[in-house]
Every structure is written in structure tokens, then in C-alpha cells.
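S.K.: Final position of the sequence shown in our numbering is 93; the numbers increase by one with none missing.
Everything labelled a hint here was simulated from the structure, so no lab data went into it.
There could be a bad hint or two in this list.
Stated by the list, open to error - Now the in silico label distances, taken between C-beta atoms and shown as ranges:
(1) D42 - H89: 35 to 43 Å
(2) G54 - S8: 35 to 43 Å
(3) R34 - H89: 19 to 27 Å
(4) K74 - L36: 13 to 21 Å
(5) S56 - E92: 20 to 28 Å
(6) A12 - E88: 18 to 26 Å
(7) L7 - P77: 31 to 39 Å
(8) A12 - F37: 23 to 31 Å
(9) P77 - V32: 26 to 34 Å
(10) A48 - L9: 32 to 40 Å
(11) N82 - L36: 14 to 22 Å
(12) L7 - L36: 32 to 40 Å
The beta-carbon is built from N, C-alpha and C at its ideal position, and this holds for glycine as well.
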Amino acid sequence: METFRDLSLIVALRKEIEEKYTFQDLVSRNPVMRDLFDVMPDIAASEATVQIQGESGTGKELFARAIHNLSPRKDGPLVVVNCGALPEHLLEA
Numbered sequence: 001m002e003t004f005r006d007l008s009l010i011v012a013l014r015k016e017i018e019e020k021y022t023f024q025d026l027v028s029r030n031p032v033m034r035d036l037f038d039v040m041p042d043i044a045a046s047e048a049t050v051q052i053q054g055e056s057g058t059g060k061e062l063f064a065r066a067i068h069n070l071s072p073r074k075d076g077p078l079v080v081v082n083c084g085a086l087p088e089h090l091l092e093a
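Build out the structure end to end from the sequences listed, making use of the hints.
M.R.: Written as C-alpha cells, this is what we have:
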């Protein structure tokens, strides 16, 4: 019985996380960003690998999670890498 409760908790927490990162969370007055919002569902539907670049604090990870949660791979893992925190020699390898 305890295992089923644990499993239902995991399912509930996963759903809460998925609902937390959606395209509805993204807002901007910038016309370029609005254009990006329009193509994000197409990006999510593709099988392409996505690299997101931008200034610190611009919401790159929020974009990544929103794309992932709308994609066919949403039940799989999402690997977020902060390349700025990695030593340069490690990135070259």
C-alpha cells in the first residue's frame, strides 16, 4: 500500500512540475521574443537538438523546460547544462 502512495505522490509532483513550465508562463513586450513564442511549439514538435543562448537571467532554462514539456519527449529526462560554469578545457573535450 505504501508503494502505491509513493507512486501517486511521484505522479502528482511530476504533473505539478510540468504544469509549472509552460508557454503561458512566458511574457514579453519585445517583438523578437513574441516571434520566438510563436515558433516555440514547432520547435518542441521537432526532433532537433536545441541550444539556447543568452544573457544571464533572461529565462533560458524556463524556455528549455517549456519546450521540453510540450515535446514528445516530455516523459524523458531534460538535461540542462550551464556551460558558463564549466571549465573551458572540459568543453573542448
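S.K.: Of the numbered hints stated previously, which ones are contradicted by the structure, given in increasing order?
M.R.: 3, 6, 7
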